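A.B. asks: Quick mapping for you: the protein sequence lines, in order, are chains X and U.
Its first residue numbered 1, the first sequence is counted upward by one per residue in the working numbering.
Its first residue numbered 191, the second sequence is counted upward by one per residue in the working numbering.
In case anyone wonders, no lab produced these hints; they're calculated from the structure.
Treat each hint with caution, since some may be false.
Claimed, not checked - Pairs of lysine-lysine residues, derived as BS3-like cross-links and limited to a Cα-Cα distance of at most 30 Å, are as follows:
1) K30(X) with K499(U)
2) K481(U) with K499(U)
3) K534(U) with K481(U)
4) K430(U) with K499(U)
5) K221(U) with K58(X)
6) K430(U) with K58(X)
For clarity, every value in this text was computed on a predicted model and none was experimentally measured.
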Amino acid sequence: MPYTAGEPGRTVPEEVRARIPGWGVDLDPKNPPAFPRERFDPDATGAHWDFPERQEEKWPRERSIEHKFLTPVFGTATPLHGLSGAIRRLAYRRYSEGRAAHWLLLIAGDRVDAVESHLRSLASARPDDPITESGVLSERRHRPIRSRFGRGRADVSHMWMDPVIIVGPWLLAGWLAFSLVKRVVGRRPA
Amino acid sequence: MRAMVYRGPYKVRVEEKDIPPIEHPNDAVVKVTMAAICGSDLHLYHGMMPDTRVGMTFGHEFIGVVEQVGSSVEHLKPGDRVMVPFNIFCGSCYFCVRGLYSNCHNVNANATAIGGIYGYSHTCGGYDGGQAEYVRVPFADVGPSIIPDWMDDEDALLLTDALPTGYFGAQLGDIDEGDTVVVFGAGPVGLFAAKSSWLMGAGRVIVIDHLDYRLEKARSFAQAEAFNFTEFDDIVVHLKKATDYLGADVAIDAVGAEADGNFTQHVTSAKLKLQGGSPVALNWAIDSVRKGGTVSVMGAYGPLFSAVKFGDAMNKGLTLRMNQCPVKRQWPRLFEHIQNGYLKPNDIVTHRLPLEHIGEGYHMFSAKLDDCIKPIVVPGAV
Numbered sequence: 001m002p003y004t005a006g007e008p009g010r011t012v013p014e015e016v017r018a019r020i021p022g023w024g025v026d027l028d029p030k031n032p033p034a035f036p037r038e039r040f041d042p043d044a045t046g047a048h049w050d051f052p053e054r055q056e057e058k059w060p061r062e063r064s065i066e067h068k069f070l071t072p073v074f075g076t077a078t079p080l081h082g083l084s085g086a087i088r089r090l091a092y093r094r095y096s097e098g099r100a101a102h103w104l105l106l107i108a109g110d111r112v113d114a115v116e117s118h119l120r121s122l123a124s125a126r127p128d129d130p131i132t133e134s135g136v137l138s139e140r141r142h143r144p145i146r147s148r149f150g151r152g153r154a155d156v157s158h159m160w161m162d163p164v165i166i167v168g169p170w171l172l173a174g175w176l177a178f179s180l181v182k183r184v185v186g187r188r189p190a
Numbered sequence: 191m192r193a194m195v196y197r198g199p200y201k202v203r204v205e206e207k208d209i210p211p212i213e214h215p216n217d218a219v220v221k222v223t224m225a226a227i228c229g230s231d232l233h234l235y236h237g238m239m240p241d242t243r244v245g246m247t248f249g250h251e252f253i254g255v256v257e258q259v260g261s262s263v264e265h266l267k268p269g270d271r272v273m274v275p276f277n278i279f280c281g282s283c284y285f286c287v288r289g290l291y292s293n294c295h296n297v298n299a300n301a302t303a304i305g306g307i308y309g310y311s312h313t314c315g316g317y318d319g320g321q322a323e324y325v326r327v328p329f330a331d332v333g334p335s336i337i338p339d340w341m342d343d344e345d346a347l348l349l350t351d352a353l354p355t356g357y358f359g360a361q362l363g364d365i366d367e368g369d370t371v372v373v374f375g376a377g378p379v380g381l382f383a384a385k386s387s388w389l390m391g392a393g394r395v396i397v398i399d400h401l402d403y404r405l406e407k408a409r410s411f412a413q414a415e416a417f418n419f420t421e422f423d424d425i426v427v428h429l430k431k432a433t434d435y436l437g438a439d440v441a442i443d444a445v446g447a448e449a450d451g452n453f454t455q456h457v458t459s460a461k462l463k464l465q466g467g468s469p470v471a472l473n474w475a476i477d478s479v480r481k482g483g484t485v486s487v488m489g490a491y492g493p494l495f496s497a498v499k500f501g502d503a504m505n506k507g508l509t510l511r512m513n514q515c516p517v518k519r520q521w522p523r524l525f526e527h528i529q530n531g532y533l534k535p536n537d538i539v540t541h542r543l544p545l546e547h548i549g550e551g552y553h554m555f556s557a558k559l560d561d562c563i564k565p566i567v568v569p570g571a572v
């Protein structure tokens, strides 16, 4: 009890030691897990360089302004492009990681990227497919009702928002497209 | 090659992409034999992580066979079966030589606050991940290890992130013999953290979650006491009562950004993206640990600020310890524990599916359908 000076019971019952295979094997402070921890030993890592050879920069690669230079190795997964690229480029060029603007601009760039990419897909041989890409077809084989209801799940309180967030933009895009077509058709001379 | 591709929040598909080339003399290209979907992939899937670009391939948990190596690779050759830690690291920078592999300074041009991670947005370096037939592995002489003959493939896969991260969470807790440890989150990492707490000498391990099937797993797999927070008016008060009003000695946050315990926090973070994560579990950890206790955090949070109860942590004199797990540092000891039978990682795998069905896999995992705890994807399977 914390209201007196006494130690709470710290003796581990024999029942626990017997029940848990390996109980306490990592308890010895002289033999800590994950040794060598913070030991200066470059040979232990497998690196055979002081500073790694530099990867070729095939296009202007964005970087945090908190770095002195472009790191010797970097990812090339998805180069900047379009309006989202301009937003992201601004975030990297103008703001450090310490500024909220940096991260909020990047998040905004992500949303613009999603819209841009979706529109671009409509003009491609493989447009986005809201059914297969949302994975909603997995509902039919994986107990959709039993998984969700009568089990006290906390996320039920906000689950109703998910379809709105997923389906909403598609409905909005469809409505906009329909309105546009209707307007163009309506303008035709009789 | 076939690869999972992100198409925007809540949308992924499998499409044809070029096999990644060697971009640096110490690169390898690995043919993926097995990959997993991680709970932190859901942060990307939900559009939470800044600079997650359409067209990116996710997946930081994978194993495979070396297909091709760059001109300076000395320790691997084509045909080697390798397990690849989720951290990308150079092995020679200020941080790497101090064992902080997850904080490598030479691999992430986009940020200094976090190291490089496969398939984890440009905030983590802009590398494609392993939910594909092939993946580029930088610093092949440093990161990957050859899978020992005795090791099961699924165990090797879980050693690339989930198990070492859970073990690391317990390690960060600095558990003393007999300590009471409370783990928030009964996903794969929380389950492994609970299991590992015993190996470090805990006297009592308590797990908190809201999904009954995961709590059942915490009881059977991790031999822990397990409570569903939705059954209590206030889980912090319950934990105080359960520890004779002292509080737990160690609290481990194995939840991270998208906690489900508070509607307002969830909406402002997961839905409106105005916080780097909903810190409900972290705040519960701060509140339920005893004064002078330790809070360990390896649940993943985004770089934006979160509304954390820092004043309580200060006034209680807590020690807060946290990081992304430096996976490779954990391997020698974990290999021993698996060989000795103390840990059996693949006991938590619940679903195995072909790469072509990964969209359904993401939805199933995200919506917690069919008692899903850990899904694995296999490229080339039908």
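A.B. asks: Would you pick out the hints that fail for this structure and give their numbers low to high?
C.D. replies: 1, 3, 6
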